[in-house]
Amino acid sequence: QSALTQPASVTGSPGQSITISCTGTSSDVGGYNYVSWYQQHPGKAPRLMIYDVTNRPSGVSNRFSGSKSGNTASLTISGLQAEDEADYFCSSYESRGAHVFGTGTKVTVL
Amino acid sequence: EVQLVESGGGLVQPGGSLRLSCEASGLGLSNYWMHWVRQAPGKGLVWVSRINGDGSYSSNADSVKGRFTMSRDNAKNTLYLQMNSLRAEDTAVYYCARDAGWRFDPWGQGTLVTVSS
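Going down the list, the sequences are from chains W and S. One rule links them: number in my numbering = place in the first sequence (from 1) + 42. One rule links them: number in my numbering = place in the second sequence (from 1) + 126.
Hints are supplied without guarantee of correctness; some may be wrong.
[Unchecked claim] One-sided excerpt, in silico: chain W residues whose CB lies under 10 Å from chain S: (1) Gln48; (2) Ser78; (3) Tyr80; (4) His83; (5) Tyr93; (6) Phe106; (7) Ala128; (8) Tyr135; (9) His141; (10) Val142.
[Unchecked claim] To list a few chain W residues with every Cβ distance to chain S over 10 Å, as calculated: (11) Ala45; (12) Gly54; (13) Gln58; (14) Ser69; (15) Asp94; (16) Lys110; (17) Asn113; (18) Thr114; (19) Thr118; (20) Gln123; (21) Glu125; (22) Ser133; (23) Ser137; (24) Thr145; (25) Val149; (26) Val151.
Hints are computed from structural coordinates only; laboratory data are not their basis. Beta carbons are placed, not taken as given, at the ideal position from N, Cα and C, and that holds for glycine.
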């Protein structure tokens, strides 16, 4: 159950777009369309932002979008805003019936 | 509104035991798989355990197998995590979360477990 690989940090200016990658294997990210993304502000619980690779829960801004190619999933935040500054984690179902999270990415808004 | 509230965290010595609880409101727990996820201080999220709707099946991450047991009491709308043989590396905030279909939503606010002598 090795963690999925994410960049440690991504930085952008207000209004810009940024993309966070999440790389796994054919036993998790590549094998299932069950990738989800979570936003976590300091001291708070994680919040679901994207599920099933591309779907947004109600209440989540359409500035957040997800995609997948092979063993790598991506989260794109467009029109970056100060409130988007947070940690982001991907997650995937895996073939052994467990769930695996990414290493986490700290998004900084300049 | 669906709410999950964890409790039972605290300071415990290495080798000790602790039982966490997660009480749900706004939903009938029996309809859902549920999970525990933990986060060590300053670190990432790690999936710990899951249980099916009627409590007849559960599975754990390799790191806690044989030491942690997840259970539920649907009549009380409450989830439990029995943690035995605790180690320093089990120190973390423990979150319960609903399985909303291969995704975790919502999450509780978390309860801190500190394993230290």
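Taking the hints in turn, this is what the structure says about them:
Here the hint on Gln48/W is kept, as its CB sits about 9 Å from the closest CB of chain S, short of 10 Å. With a least beta-carbon distance of about 4 Å to chain S, the hint placing Ser78/W at the interface is held under the 10 Å criterion. At its closest, the beta carbon of Tyr80/W sits 7 Å from a beta carbon of chain S; the interface hint therefore holds under the 10 Å criterion. For His83/W, the interface hint is violated, since its Cβ never comes within 10 Å of a Cβ in chain S; the closest pair sits about 13 Å apart.
The beta carbon of Tyr93/W is positioned within 10 Å of a beta carbon in chain S (closest approach about 4 Å), and the interface hint is therefore held. For Phe106/W, the suggested interface contact is broken, since its CB lies about 14 Å from the closest CB of chain S, more than 10 Å. Given hint, Ala128/W at the interface with chain S, is violated; its Cβ is 13 Å from that chain's nearest Cβ, farther than 10 Å. The interface hint given for Tyr135/W holds, since its Cβ lies 5 Å from the closest Cβ of chain S, which is under the 10 Å cut-off.
Evaluation of the His141/W hint against chain S yields a held restraint, the C-beta minimum of about 4 Å falling below 10 Å. Interface hint at Val142/W: satisfied, since its Cβ lies 7 Å from the closest Cβ of chain S, which is below the 10 Å cut-off. Once the 10 Å rule is applied to beta carbons, Ala45/W is inconsistent with being away from chain S; the minimum gap is 7 Å. For Gly54/W, the shortest C-beta to C-beta distance to chain S comes to about 21 Å, beyond the 10 Å cut-off, and the non-interface label holds.
No Cβ of chain S approaches the Cβ of Gln58/W within 10 Å, the least distance being about 25 Å, so the stated non-interface status holds. Against the 10 Å criterion, Ser69/W stays outside the reach of chain S, whose nearest CB is about 14 Å from its own CB. Asp94/W, annotated as away from the interface, has a beta carbon of chain S within 10 Å; the closest lies near 7 Å. Once the 10 Å rule is applied to beta carbons, Lys110/W is consistent with being away from chain S; the minimum gap is 14 Å.
Its beta-carbon lying about 17 Å from the closest one in chain S, Asn113/W satisfies the requirement of being farther than 10 Å from that chain. The claim that Thr114/W is not at the interface with chain S holds, since no C-beta of that chain comes within 10 Å of its own (minimum 18 Å). With a least beta-carbon separation of about 18 Å from chain S, Thr118/W lies farther than 10 Å from that chain, consistent with its non-interface assignment. Annotated as non-interface, Gln123/W keeps its C-beta farther than 10 Å from every C-beta of chain S; the closest such distance is 22 Å.
Non-interface call for Glu125/W relative to chain S: holds, since the shortest CB-CB distance, roughly 19 Å, exceeds 10 Å. Non-interface call for Ser133/W relative to chain S: violated, since the shortest CB-CB distance, roughly 7 Å, does not exceed 10 Å. Its beta-carbon lying about 13 Å from the closest one in chain S, Ser137/W satisfies the requirement of being farther than 10 Å from that chain. With a least beta-carbon separation of about 5 Å from chain S, Thr145/W fails to lie farther than 10 Å from that chain, contradicting its non-interface assignment.
Its beta-carbon lying about 14 Å from the closest one in chain S, Val149/W satisfies the requirement of being farther than 10 Å from that chain. A cut-off of 10 Å between C-beta atoms confirms that Val151/W is not in contact with chain S; the least separation is 21 Å.
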